[in-house]
Amino acid sequence: MHRPVPATREDRPNVPMKPKDAVFSDLFSSEYERLVRLAYGMLGEMPTAEEVVMEAFTSVFAKWSNIRKPERIDVYLRRSVINQSRSTIRRLYAERKANSKHAVTGEATSLEPQSELLDVVLRLPWRQRSCVLLRYYEDLTEREIGEILDCSIGTVKTHLSRARRSLEVTLREDQKAGRGRDFE
Amino acid sequence: VTNWQDFKNRITGELEDVPLRKSPADRVPELTKAIARRRRWKWVLATASTLFVVVLGTMILPSVTSNEGTQIAHEPDPAVITDTPSPSPSDEPSTPSPEPTPTTDSLPPGESPTVTIYLLRASGDAYIRDSYVSVQRTLNGNEKVASKPSDRDLLEASLTELLKGVTPEESSDGFVSAFNSKTAGSLLSVEVDSDGGAVVDFKDFTESLPEASTTQGSAILLTQLNSTVFTIDSVRSVQYQVEGSCDAFWSFFQQVCSPVAQDAWERK
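Protein sequence lines correspond, in order, to chains S and V.
The working numbering numbers the first residue of the first sequence as 105 and each following residue consecutively.
The working numbering numbers the first residue of the second sequence as 12 and each following residue consecutively.
Simulated from the structure, these hints should not be mistaken for laboratory data.
All figures in this text were calculated on a predicted structure; none of them were measured in a lab.
Accuracy of the hints is not assured; some may be wrong.
[What the hints assert, rightly or not] DSSO-like cross-link-like pairs, simulated, lysine-lysine; straight-line CA separation at most 27 Å:
1) V:Lys19 with S:Lys280
2) V:Lys214 with S:Lys173
3) S:Lys173 with V:Lys175
4) S:Lys167 with V:Lys53
5) S:Lys261 with V:Lys19
6) V:Lys33 with V:Lys44
7) V:Lys44 with V:Lys19
8) V:Lys193 with V:Lys214
9) V:Lys33 with V:Lys19
10) V:Lys193 with V:Lys175
11) V:Lys33 with S:Lys167
12) V:Lys175 with S:Lys167
[As the list claims (entries may be wrong)] To give a feel for the contact side, a few chain S residues facing chain V, derived at Cβ under 7 Å:
13) Phe132
14) Ser133
15) Thr162
[What the hints assert, rightly or not] Cβ-Cβ distance ranges computed for the label pairs, FRET-style:
16) V:Gly24 with S:Arg200: 25 to 31 Å
17) S:Ser265 with V:Ala59: 47 to 53 Å
18) S:Ser265 with V:Leu67: 53 to 59 Å
19) V:Leu62 with S:Asn170: 18 to 24 Å
Note that CB positions come from ideal geometry on N, CA and C, so glycine has one too.
Looking at chain S on its own, in the form it has when it is part of the complex:
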């Protein structure tokens, strides 16, 4: 993946081909925080996001010998985080719905919205949310997003387009309602 290194990640080292333990250590140190925040964007809950990322690292490192392209480990890690986030949302949502005395309505898309803009992002469907976060937080190209989500560039463009439209509508409505998310 020929990723343009974003301004916010200039200090992030490339994944070197070192002995396994050294690679683990470097990779974990360099990617952990960023992946936790990506998972937080997917889930809206920091403790769960941290657990999801730990599980993703454990899963990838445990089957390190089966990974055909170690230099693409960042793609595997992000894919793992996205997929783990989705599984976790579904599992926790089902558990909380079962434990709640009150009926829970709506799609199992997020846990607890924590902040203003993230609140809006968390209302997006899972695929659109993944695309938005990978595009605007991870600063990845549509090709790279397609690689992580295992879909075509056209599909990524479609998801991004729909996500932008939904975000515009929601943000405009919020602005009219006086909630101050003025992005226009």
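Here the structure of chain S is known, so what remains is to put chain V in place on it, guided by the hints.
Same frame as chain S, but now just chain V:
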């Protein structure tokens, strides 16, 4: 139009404002333990799978091997049979006996298979049945009889022996035969169907048996043939042929083609 660069900055800011509960450095031991636990489970699963396969193999392989061994036992090396005497179909001594040749599947070890043929006493009357006596011949190197003594194989072996004529010992014992060394190997094929109907096909041995076309000669030949054929219990009738032709066989004896039934033969 939404300012997406502004959106990017804002969402990045919101995500990065939230503090982590633990730093990556604090998480490393936890990760190491988790990986070790995962690998241990993978090892346990792999070991269990391997053990399962090994146990399954040890349970299945012996039965497969024993099946193969059984099959090999039914297909012995002919050389072994020739060199090593095979079991005998009966406990009877090799003396003239009217008893039919047994057709058991397994012959007692150490005994050679025998077949019964009928010869004429030199002093006997060719037209009287009692003048014919049964003689047992010991087979050497007859793989089919040794390994699968079916009625067909026994009949084939009996006729093969009969067509050889008398041995010097039998001749010295006062036995004669319509057949001689020239007719040896004249048997083309023998078939026995499930109803006991036998079809015996010979080469054209008429030139080797000039005397067989006479009344006495044909009586001796047919009595020897029929008596020998009907020593096989399951054979109820027999059709003789010369090179596939029933007429060719019987025309030699100035008779018409017809199968010989055991019942009719024994009533004569």
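Hints and how they fare:
At roughly 22 Å between alpha-carbon atoms, lysine 19 (chain V) and lysine 280 (chain S) fall within 27 Å of each other, so this suggested pair holds. Proximity of lysine 214 (chain V) to lysine 173 (chain S) is assessed by CA-CA distance (about 79 Å); at most 27 Å being required, the pair is judged violated. This hinted pair does not check out: lysine 173 (chain S) and lysine 175 (chain V) have alpha carbons roughly 82 Å apart, beyond 27 Å. Restraint check for lysine 167 (chain S) and lysine 53 (chain V): satisfied, since their Cα atoms lie roughly 10 Å apart, inside the 27 Å limit.
Between lysine 261 (chain S) and lysine 19 (chain V), the direct Cα distance comes to roughly 17 Å. Compliance with the 27 Å bound is thereby established for this hinted pair. Our distance criterion of 27 Å between C-alpha atoms is met by lysine 33 (chain V) and lysine 44 (chain V), whose separation comes to about 16 Å. In summary, the hint linking lysine 44 (chain V) to lysine 19 (chain V) is not supported, as the alpha carbons are separated by about 37 Å, beyond the 27 Å threshold. With a C-alpha separation of about 11 Å, the suggested pair lysine 193 (chain V) and lysine 214 (chain V) falls inside the 27 Å cut-off, and the hint holds.
For the suggested pair lysine 33 (chain V) and lysine 19 (chain V), the alpha carbons sit about 26 Å apart, so the restraint of at most 27 Å is met. Using a Cα cut-off of 27 Å, the hinted pair lysine 193 (chain V) and lysine 175 (chain V) holds, with the two alpha carbons roughly 8 Å apart. Distance check on the hinted pair: lysine 33 (chain V) and lysine 167 (chain S) sit about 25 Å apart at the alpha-carbon level, within 27 Å; holds. Among the hinted pairs, lysine 175 (chain V) with lysine 167 (chain S) is inconsistent with the structure: their alpha-carbon atoms are about 80 Å apart, more than 27 Å.
Of the supplied interface hints, the one on phenylalanine 132 (chain S) holds, with its beta-carbon coming within about 6 Å of a beta-carbon of chain V, less than 7 Å. Because the beta carbon of serine 133 (chain S) sits about 5 Å from the nearest beta carbon in chain V, less than 7 Å, this interface hint is met. For threonine 162 (chain S), the shortest C-beta to C-beta distance to chain V is roughly 4 Å, which falls under 7 Å, so the interface hint holds. Between glycine 24 (chain V) and arginine 200 (chain S) the beta carbons are some 29 Å apart, a value that agrees with the proposed interval 25 to 31 Å.
Between serine 265 (chain S) and alanine 59 (chain V) the CB atoms are about 50 Å apart, so this pair conforms to the stated range of 47 to 53 Å. Evaluation of the 53 to 59 Å hint for serine 265 (chain S) and leucine 67 (chain V) yields a pass: the beta carbon distance comes to about 55 Å. Our hint of 18 to 24 Å for leucine 62 (chain V) and asparagine 170 (chain S) holds, since their Cβ atoms are close to 22 Å apart.
Hints 2, 3, 7 and 12, counting from the list given before, are not met by this structure.
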